[in-house]
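Colleague: Here is what each chain is made of, one letter per residue.
2 protein chains.
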Amino acid sequence: MEGAIKTVVMQFLSATRGKENLSSKSFQKLVQSQLGNIMSDTDSSSAVKDMMKGLDDNQDGKVSFQEYMTLIGYVANSVCEQKGQPNAAGGQ
Amino acid sequence: MEGAIKTVVMQFLSATRGKENLSSKSFQKLVQSQLGNIMSDTDSSSAVKDMMKGLDDNQDGKVSFQEYMTLIGYVANSVCEQKGQPNAAGGQ
Chain A
1 MEGAIKTVVM QFLSATRGKE NLSSKSFQKL VQSQLGNIMS DTDSSSAVKD MMKGLDDNQD
61 GKVSFQEYMT LIGYVANSVC EQKGQPNAAG GQ
Chain B
1 MEGAIKTVVM QFLSATRGKE NLSSKSFQKL VQSQLGNIMS DTDSSSAVKD MMKGLDDNQD
61 GKVSFQEYMT LIGYVANSVC EQKGQPNAAG GQ
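Chains as they are written, first to last, in full-length UniProt numbering: chain A, 1 to 92; chain B, 1 to 92.
Certain hints may be false.
[Said to hold, decoys possible] Listing some non-contacts, in silico: residues in chain A with all C-beta distances to chain B over 10 Å:
hint : residue
1    : Thr7
2    : Lys25
3    : Gln34
4    : Asp43
5    : Ser44
6    : Ser45
7    : Ala47
8    : Lys49
9    : Leu55
10   : Gly61
[Said to hold, decoys possible] Below, computed lysine to any residue pairings styled on SDA-like, alpha-carbon distance capped at 20 Å:
hint : chain 1 : residue 1 : chain 2 : residue 2
11   : A       : Lys83     : B       : Lys49
12   : B       : Lys62     : B       : Ser14
13   : A       : Lys83     : B       : Glu20
14   : B       : Lys49     : B       : Ala15
15   : B       : Lys6      : A       : Asn77
Derived by calculation from the structure, the hints in this document are not laboratory data. Computed from a predicted structure; not experimentally measured. Built from N, CA and C at the ideal position, the CB exists for glycine as well.
Next up, chain A with everything else stripped away, as it sits in the complex (with noise of 0.2 Å):
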């Protein structure tokens, strides 16, 4: 499992390209790019728009590293309820 935490972080940073956090297009071709198949409407700009706002709790309009984490862990809680387990009942 250690290489899969390292292949999320690795994702971040080299879509960040050195600056500390992604903007808005990096964090698009970020979704579109390694998330268009496992979440719905990455096709979409706006709908990509909306979830970064929803992710980007300082609103300074870019994703930090911890931003980014909440997304895994809303793709993780979505996979697991697709397992049809009851872990992720009431996600936040």
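Given chain A's structure and the hints, the job is docking chain B onto it.
Modeller: Only chain B this time, still in chain A's reference frame:
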């Protein structure tokens, strides 16, 4: 990256063996077998118990999927810091 997220979810689901939450024992096994190279002190039962207490928001002595994802977030944050990026600074 979708495979990586699924790996993280499946590790939890297989460790619970059909139950909703991880018992203290299952949590210890999972941490030792899956995160031993990436975290320190996983060989120490008391350290892993303390870690579990820290995660166990609702104090029920078990680890839910949400609580497990909190741990994954911590580990990811620490991997991110190790890569020498400023992203993880001040993480929650």
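Colleague: Taking each numbered hint in turn, which are not upheld by the structure, reported in ascending numerical order?
Modeller: 1, 3, 11
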